[in-house]
Amino acid sequence: MRAREVRQQTGRVLVVVCDKGEEAVAAVGAALREQGIRAARVTAVGGFADAEVGWFDRDAGDYRRIPVTEQVEVLSLLGDVAARDGEPALHVHAVLGRRDGSTVGGHLLRGRVWPTLEVIVSEVAPELAKRVDPETGLALISGS
Amino acid sequence: MRAREVRQQTGRVLVVVCDKGEEAVAAVGAALREQGIRAARVTAVGGFADAEVGWFDRDAGDYRRIPVTEQVEVLSLLGDVAARDGEPALHVHAVLGRRDGSTVGGHLLRGRVWPTLEVIVSEVAPELAKRVDPETGLALISGS
Amino acid sequence: MRAREVRQQTGRVLVVVCDKGEEAVAAVGAALREQGIRAARVTAVGGFADAEVGWFDRDAGDYRRIPVTEQVEVLSLLGDVAARDGEPALHVHAVLGRRDGSTVGGHLLRGRVWPTLEVIVSEVAPELAKRVDPETGLALISGS
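Protein chains in written order, with our numbering: chain A, 18 to 161; chain B, 18 to 161; chain C, 18 to 161.
Please keep in mind that the hints were generated in silico from the structure rather than gathered at the bench.
Note that the coordinates shown come from a computational prediction; the quantities given were computed from them, not determined experimentally.
Check each hint, because a few of them may be wrong.
Note: identical chains are not told apart, hence a pair may lie in one copy or across any two.
[Claimed, not checked] Below, a list of computed lysine to aspartate or glutamate pairs in the EDC-like style, where the Cα atoms sit at most 16 Å apart:
1) 37 to 87
2) 37 to 102
3) 37 to 152
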């Protein structure tokens, strides 16, 4: 465990409202680049017309893709932003709710917004950085 | 996608602790009005003795109501606050956990607290506003 | 319902990155003690190689333990920190995602991190305090 205190100097908060039909991961990524936010907490609620989530398969060394082909409530979208090669990298997980209240979730690969996605991005520090983990090939936040 | 930087000028954080038997949506709404908070991120954990969540039915133009008639852990309660007609409008989604660890979730319509609900409301800006979306009849945060 | 405004005076934000194999509850608790954080919001995403979550059994007055014996995505880890007997007490709930996207969740009792757990702790005030609720034996945040 590596813990670092990161003072919330700037206190910037970004509210990103995605429109109907937009792809959520791309839209939030574009907003981060536009605003130059490279370290943040991200939360959101809303809905998706369809989506794809992933479960990291340790043996395959890649995400197992799980398609979601129906209208779902975005019950929770939670994650962080850190810099990878100087660019903001978004890492968000989602829990999605079906018509009967049952849920499906994973690492958010893509989500087509309907009717809205209300995203709150709160910058935590300028210095979070990701490095590629040699075992998994994933870009993880480095502790130091 | 519309993104706006909203400076966290006031930095107000509200901690709302709901008592046994209280209805959560009403209790948090009352706290928001008392404190005059009209734009915020909301998160909570706790438990409900029973609840009702909703899935937005695109064809019916209304929420399909999903009753939850058992004690559940509030695994995630996540959402935002924006002003609608000058009043704070709470938009929260919930993931609830049953006795066997299975989950059910949706747009939170009501939840009867037991034994507690610990809510953290962090104000993000005074200017978030909702407008009614003509297609769905839902009040959505407007981007500009 | 008891609501209190707690000014975000210090604005401290702690990023805790848990390493492979670490137990998450212990690791985050250690970071809180090291940094002297006694009231905060906690969110995280990542993965667990295995975990145990709980559902509070009202009749038994204790958590029913639900073991999770497979690799899961930590879809949501959400909760708060308050002081109990002067020490930081972590209260977090988790939603975990399986290989097929199905979910399981509860009060997080333990989670063995793999490949990472990225935790953001944002201090909200120095004064949140827990007291033991006589009915349940649980330490709950006291409203006043």
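Structure-based check of each hint:
| no. | hint | verdict |
| --- | --- | --- |
| 1 | 37 to 87 | within (15 Å within a copy, 35 Å between copies) |
| 2 | 37 to 102 | neither (31 Å within a copy, 23 Å between copies) |
| 3 | 37 to 152 | between (38 Å within a copy, 11 Å between copies) |
Comparing the model with each numbered hint stated earlier shows that hint 2 is the single one that does not hold.
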